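Chemist: Use these hints to put chain P onto chain Z, whose structure you have.
Chains Z and P supply the protein sequences, listed in that same order. Take the first sequence: its position 11, counting from 1, is numbered 11 in our numbering, and each next residue is one higher. Take the second sequence: its position 33, counting from 1, is numbered 33 in our numbering, and each next residue is one higher.
Mixed in with the good hints there might be a few duds.
[Stated by the list, open to error] Derived BS3-like pairs: lysine-lysine, alpha-carbon spacing no greater than 27 Å straight-line:
{"#": "1", "chain 1": "Z", "residue 1": "Lys13", "chain 2": "P", "residue 2": "Lys25"}
{"#": "2", "chain 1": "Z", "residue 1": "Lys14", "chain 2": "P", "residue 2": "Lys94"}
{"#": "3", "chain 1": "Z", "residue 1": "Lys14", "chain 2": "P", "residue 2": "Lys25"}
{"#": "4", "chain 1": "P", "residue 1": "Lys46", "chain 2": "Z", "residue 2": "Lys13"}
{"#": "5", "chain 1": "P", "residue 1": "Lys46", "chain 2": "Z", "residue 2": "Lys12"}
{"#": "6", "chain 1": "P", "residue 1": "Lys46", "chain 2": "Z", "residue 2": "Lys81"}
{"#": "7", "chain 1": "Z", "residue 1": "Lys81", "chain 2": "Z", "residue 2": "Lys59"}
{"#": "8", "chain 1": "Z", "residue 1": "Lys60", "chain 2": "Z", "residue 2": "Lys81"}
{"#": "9", "chain 1": "P", "residue 1": "Lys94", "chain 2": "Z", "residue 2": "Lys12"}
{"#": "10", "chain 1": "P", "residue 1": "Lys25", "chain 2": "Z", "residue 2": "Lys81"}
{"#": "11", "chain 1": "P", "residue 1": "Lys46", "chain 2": "P", "residue 2": "Lys74"}
[As the list claims (entries may be wrong)] Reference excerpt, derived from the structure (chain P facing chain Z, CB under 10 Å, subset only):
{"#": "12", "residue": "Met1"}
{"#": "13", "residue": "Met3"}
{"#": "14", "residue": "Arg14"}
{"#": "15", "residue": "Pro15"}
{"#": "16", "residue": "Thr16"}
{"#": "17", "residue": "Thr19"}
{"#": "18", "residue": "Leu23"}
{"#": "19", "residue": "Lys74"}
{"#": "20", "residue": "Val92"}
{"#": "21", "residue": "Lys94"}
{"#": "22", "residue": "His99"}
{"#": "23", "residue": "Ala100"}
{"#": "24", "residue": "Trp101"}
To be clear, the hints were calculated from the coordinates, so they are not data collected in a lab. Since the model is a prediction, treat every value here as computed from it, not as a measurement. The beta-carbon is built from N, C-alpha and C at its ideal position, and this holds for glycine as well.
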Amino acid sequence: MSEVEFDTEGVKKKFMFVNTKAPYGTIYALEVLEMIMISAAFEQHAVIAFVDDGVFQIKKGQNTKATGMKNFSPTYGVVEKESIEARGLAADDFVVDVEVLSSAELADLMAEQDVVLSG
Amino acid sequence: MSMLYTVNKSPFERPTLETCLRLAKPGSAVLLIEDGVYAALAGTAKSALVEANQGDVTFYVLDSDIDARGLAEKPLIDGVESVDYGGFVDLVEKHDSVHAWL
Numbered sequence: 001m002s003e004v005e006f007d008t009e010g011v012k013k014k015f016m017f018v019n020t021k022a023p024y025g026t027i028y029a030l031e032v033l034e035m036i037m038i039s040a041a042f043e044q045h046a047v048i049a050f051v052d053d054g055v056f057q058i059k060k061g062q063n064t065k066a067t068g069m070k071n072f073s074p075t076y077g078v079v080e081k082e083s084i085e086a087r088g089l090a091a092d093d094f095v096v097d098v099e100v101l102s103s104a105e106l107a108d109l110m111a112e113q114d115v116v117l118s119g
Numbered sequence: 001m002s003m004l005y006t007v008n009k010s011p012f013e014r015p016t017l018e019t020c021l022r023l024a025k026p027g028s029a030v031l032l033i034e035d036g037v038y039a040a041l042a043g044t045a046k047s048a049l050v051e052a053n054q055g056d057v058t059f060y061v062l063d064s065d066i067d068a069r070g071l072a073e074k075p076l077i078d079g080v081e082s083v084d085y086g087g088f089v090d091l092v093e094k095h096d097s098v099h100a101w102l
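The following block holds chain Z by itself, in its conformation from the complex (with noise of 0.2 Å):
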């Protein structure tokens, strides 16, 4: 077996990571996370955005212990006005500290990124 060697040292991209699924009826919101892991792993920038369902993931006051599956609402990140308006929810419903953008103020953070990838 030879060795794969992974040479990152000096590159640095700006990713951004979009989470459009709710947290625990599919593997995505989980899948994503993972991805954001290994970016910070490799010391990578990262932009966590919530749009859609993904939303939902920053929900205050979730409780998972009757289902037996593990809380991973992650704390930070920024979430599409137009999203959050439409499911009835506002920016004091998150679990902490979440930047709201309009649709247009985030199509503008997206195209400064080097990768944007969703789930």
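Modeler: Below, chain P alone, put in the same frame as chain Z:
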């Protein structure tokens, strides 16, 4: 910065294409693949999604995914360009960045 977006969900089941278009900058391209190809069909309840954005965004559809779903005889929305796998690669090469919406 020109973006290529791929959308692989049916517009009848998921809001993925709608969200993609809400966040797409003018001049970008959308390639409909897998169940995303249903959005390229003319005369459906969701055709307006593509039609309303054709000025700002160029739409492509992957022909093998159309064929796989028995849709080869169904008319596509005017202006939606059909591409094969080679065309997919050309689109990736032509744009600065690719964002795969899931």
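Chemist: Next, verify each hint and record whether it holds.
Modeler: Cross-check of the supplied hints:
1. Our distance criterion of 27 Å between C-alpha atoms is met by Z:Lys13 and P:Lys25, whose separation comes to about 21 Å.
2. Restraint check for Z:Lys14 and P:Lys94: satisfied, since their Cα atoms lie roughly 21 Å apart, inside the 27 Å limit.
3. Pair hint Z:Lys14 plus P:Lys25 holds up; C-alpha atoms about 19 Å apart against a cutoff of 27 Å.
4. Taking the CA atoms of P:Lys46 and Z:Lys13, the gap is about 37 Å. The hint is violated against a cut of 27 Å.
5. Taking the CA atoms of P:Lys46 and Z:Lys12, the gap is near 40 Å; set against the 27 Å cutoff, the hint is violated.
6. Annotation: proposed proximity of P:Lys46 to Z:Lys81 holds, straight-line Cα distance about 24 Å (limit 27 Å).
7. Between Z:Lys81 and Z:Lys59 the CA atoms are separated by roughly 14 Å; this keeps the pair inside 27 Å, and the hint holds.
8. The straight-line distance between the Cα atoms of Z:Lys60 and Z:Lys81 is roughly 17 Å, inside the 27 Å bound, and the hint therefore holds.
9. A hinted pair counts as satisfied when its Cα atoms are at most 27 Å apart, and P:Lys94 with Z:Lys12 qualifies at roughly 24 Å.
10. Our distance criterion of 27 Å between C-alpha atoms is met by P:Lys25 and Z:Lys81, whose separation comes to about 18 Å.
11. Under the criterion of a C-alpha separation no larger than 27 Å, the hint pairing P:Lys46 with P:Lys74 is consistent with the structure, at around 15 Å.
12. Contact between P:Met1 and chain Z, as hinted, is supported at the beta carbon level, the nearest pair being about 5 Å apart and thus within 10 Å.
13. Interface restraint check for P:Met3: the shortest CB-CB distance to chain Z comes to about 7 Å, inside 10 Å, so the restraint holds.
14. Residue-level restraint check for P:Arg14 holds (minimum Cβ-Cβ distance to chain Z is 9 Å; threshold 10 Å).
15. At its closest, the beta carbon of P:Pro15 sits 6 Å from a beta carbon of chain Z; the interface hint therefore holds under the 10 Å criterion.
16. The restraint placing P:Thr16 at the interface with chain Z holds, with a minimum CB-CB distance near 7 Å, inside the 10 Å limit.
17. At a threshold of 10 Å, the smallest CB-CB gap from P:Thr19 to chain Z is about 5 Å, leaving the interface hint in force.
18. Because the smallest distance between the Cβ of P:Leu23 and any Cβ of chain Z comes to about 5 Å, under 10 Å, the interface hint for this residue holds.
19. The interface hint given for P:Lys74 is broken, as the beta carbon of that residue sits about 28 Å from the closest beta carbon of chain Z, more than 10 Å.
20. Checking P:Val92 against chain Z by beta carbon gives a least distance of about 14 Å; that is not within 10 Å, so the hint is violated.
21. For P:Lys94, the suggested interface contact is broken, since its CB lies about 17 Å from the closest CB of chain Z, more than 10 Å.
22. About 4 Å separates the beta-carbon of P:His99 from the nearest beta-carbon of chain Z, less than 10 Å, and the hint is met.
23. The interface hint given for P:Ala100 is met, as the beta carbon of that residue sits about 7 Å from the closest beta carbon of chain Z, less than 10 Å.
24. The beta carbon of P:Trp101 comes within 5 Å of a beta carbon in chain Z, closer than 10 Å, and the hint placing it at the interface holds.
The structure fails hints 4, 5, 19, 20, 21 (numbered hints given earlier, in ascending order).
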